[in-house]
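A.B. asks: Make the full structure from the sequences, and use the hints.
Listed here are the chains, written in short residue letters.
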Amino acid sequence: MTEEERAIEAVLMVAEDPIEPGLLAQLLEVPVERVEEMCAGLAESYQTEDRGFVLVRVAGGYRFQSHADMAPYVERFVLEGQNARMSAAALETLAIVAYKQPVSRAQVSAIRGVNVDGVMRTLQQRGYIEEVARDPGPGQAVLYGTTMSFLEKLGLDTLDDLPPLGDFVPGPDVVEALEQGLRPDV
Amino acid sequence: MTEEERAIEAVLMVAEDPIEPGLLAQLLEVPVERVEEMCAGLAESYQTEDRGFVLVRVAGGYRFQSHADMAPYVERFVLEGQNARMSAAALETLAIVAYKQPVSRAQVSAIRGVNVDGVMRTLQQRGYIEEVARDPGPGQAVLYGTTMSFLEKLGLDTLDDLPPLGDFVPGPDVVEALEQGLRPDV
Amino acid sequence: MPYDVATPVFEGPFDLLLHLITKEQVDLYEISISRIVDAYLGELDRMEHLDLDVATEFLLIAATLIELKTRRLLPGRDDIDLDEELALWEERDLLLARLLECKTFKDAADVLNRLAAVADRSVPRRAGLEDQFLSLTPDLLAGVTADMLKDAFIRAVTPKPLARILLDHVAPIRASVQDAVEELVDELPRAGVITFRHLTQELVERLEVIVRFLAVLELFKEGLVDLHQEGNFADLTITWLGDAAVTLESLSVEEYQG
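Protein chains in written order, with the numbering used here: chain A, -19 to 166; chain B, -19 to 166; chain C, 666 to 923.
Think of the hints as simulated: they come from the structure by calculation, not from any bench. Quantities reported herein were computed from a predicted structural model and do not represent experimental measurements. Honestly, I wouldn't trust all of these hints.
With a cut-off of at most 25 Å between alpha-carbon atoms, the simulated DSS-like pairs for lysine-lysine come out as follows [to be verified]:
no., chain 1, residue 1, chain 2, residue 2
1, C, K886, B, K80
2, C, K734, C, K886
3, A, K133, C, K815
Restraint ranges, calculated between C-beta atoms of paired labels, are given here [said to hold, decoys possible]:
no., chain 1, residue 1, chain 2, residue 2, range
4, C, G707, A, D(-3), 51 to 61 Å
5, C, W754, B, D115, 26 to 36 Å
6, B, A20, C, L751, 57 to 67 Å
7, A, E110, B, V155, 17 to 27 Å
8, B, G146, A, G146, 52 to 62 Å
9, B, E55, A, D137, 44 to 54 Å
10, B, A20, A, E9, 31 to 41 Å
11, A, A69, B, A68, 27 to 37 Å
12, A, D(-3), B, V149, 46 to 56 Å
13, A, G135, B, G146, 54 to 64 Å
14, A, E(-17), C, G707, 19 to 29 Å
15, B, P144, C, D851, 55 to 65 Å
16, B, Q120, A, V38, 48 to 58 Å
Glycine included, C-beta positions come from ideal geometry on N, C-alpha and C.
C.D. replies: Given below as structure tokens:
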């Protein structure tokens, strides 16, 4: 294994989306052709070794994914390994996004008082929330909103059909969290 | 490669969090010990082959992660803030919670000699500590403990892997210095 | 005591005290409580933005230190009160224990930091499921109604009660330092020159004496009194320097109170 090949493996392992060969070439300071050769070589080695994962070229980039032969196990994992019910935490997070959209992850986290990265990722994967804009301020945080599919599943036509909150007034800390957005870390 | 080993690789490739050996055993219908053997074997094979990724046991489960040697390449792909350094105040507070859990905010504050509300809130937002119980005594103070994310952050499998607190108790020289420093003038 | 230009930010009174004492470690047997107290008060002086809670904690420690240092100045020294003597040692041992605990966790924090630094060099894979498996995942919104969503929102944004830090133990000091300053501003102009012993001879509680001492220090800081001591263990003489018209508002004692 060359340093470049190891670097490709490392980067693809932590990437959440397919990585373009151009980006890898830039990172490794080698020509794109060289990246494509190396990726092909790696993909072949996994195949030769009969690994449970493959390296594929999709959507203009490279990514690791599970081997098609292993689909039955992955399906079992999906069905048995995941929580099938919406947790109270997930529902609260979804509710905040629904009522306060567009809202950043940091704002949701500040309101709930806990880290919401995992929950937000799950909600996004399930197609209930999506990125809708970027905060124009410094940092340009991603802002989230709910999806059409979310409305459909709740049987609502538009967001205006969400039950009104009436005269309920959120606490000052919530207002502050929404106004301030991200706070500097300790 | 056996079918089971391939299945483990496939499932870990699509997992978002460390996967407990018990779950893998259930999916593969093999004993937990067998899962642990196979994972150890896979981890070793990646190491022998000098791969850019590793298979580790952390926070009670197995996961793929990039090889530490590849940090310079990977750092550019990591979301900002994920590896944010913690302040000394945050680390000391975290250390107290880790070793004294379950522990109340007031107890942590008493040990540190300062108000810890802000730091505790941030640690909770980052997902390193969480409410684990209520003090049964009067006042029913919230008691805090560390989370799975904390173990992941430190790369530990369980809390038992924390170095024993006894290792940090100051030696006689320090005790003597402190004692001397606080001797009343006579 | 040398003063670093790049003063570290002290996270609390133990932090500061630990720093001061361990800095002196080179001259183990040279360490004296007097130097520690001087350095401690010096640092207190330099701190400009003490918030209330921090200030009271610092003062509490300062009071204990000063008591350790000034036992000789206290009245009733001639016939030592054994109970008081024991109480003082107990207090000192408590302080010592808390310093050791603080040091222990400081060192533990260093190790956690090193572990985290090593762990940070690797990044976990969190790519999640491939698209073709997503349809298999159960619909989490099944059975969830819009009203449940509303309830969840209200639950999420309703302020949760914050755990309260018990400050009862520092409250008396907080109140008394200012009270003592007030008393002194009233009493000292009339006395002109007075010894600390005389100033405190009617006080019964040890704590009251310490509080008075803190108040005297406060006035000294303000330039309203001059302090003089003939020799090491002689009486402390307090001379009023201000004019009689000093108003309490002009004093910066507010930082000690709520």
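A.B. asks: Confirm or reject each hint.
C.D. replies: Cross-check of the supplied hints:
Proposed proximity of K886 of chain C and K80 of chain B is contradicted: the alpha carbons are some 41 Å apart, above 25 Å. At roughly 19 Å between alpha-carbon atoms, K734 of chain C and K886 of chain C fall within 25 Å of each other, so this suggested pair holds. A distance of roughly 15 Å separates the Cα atoms of K133 of chain A and K815 of chain C; the hinted pair therefore holds under the 25 Å criterion. Between G707 of chain C and D(-3) of chain A the C-beta distance comes to about 57 Å, which sits within the given range of 51 to 61 Å.
In this structure the hint that W754 of chain C and D115 of chain B lie 26 to 36 Å apart at CB holds, the actual value being about 32 Å. For A20 of chain B and L751 of chain C, the Cβ-Cβ distance of about 60 Å falls inside the hinted range of 57 to 67 Å, so the restraint holds. Between E110 of chain A and V155 of chain B the beta carbons are some 59 Å apart, a value that contradicts the proposed interval 17 to 27 Å. Range check, G146 of chain B to G146 of chain A: Cβ separation about 57 Å, and the 52 to 62 Å hint holds.
The beta-carbon spacing between E55 of chain B and D137 of chain A, approximately 46 Å, falls within the hinted interval of 44 to 54 Å. Hint check: A20 of chain B to E9 of chain A, Cβ distance near 36 Å, so the stated range 31 to 41 Å holds. Taking 27 to 37 Å as the suggested C-beta distance range, the pair A69 of chain A and A68 of chain B conforms, at roughly 31 Å. At about 48 Å, the beta-carbon gap between D(-3) of chain A and V149 of chain B stays in the expected band of 46 to 56 Å.
Hint check: G135 of chain A to G146 of chain B, Cβ distance near 60 Å, so the stated range 54 to 64 Å holds. With their beta carbons about 54 Å apart, E(-17) of chain A and G707 of chain C fall outside the hinted range of 19 to 29 Å. The given range of 55 to 65 Å is respected by P144 of chain B and D851 of chain C, whose C-beta atoms sit roughly 57 Å from each other. The hint said 48 to 58 Å for the Cβ distance between Q120 of chain B and V38 of chain A, and at roughly 53 Å that hint holds.
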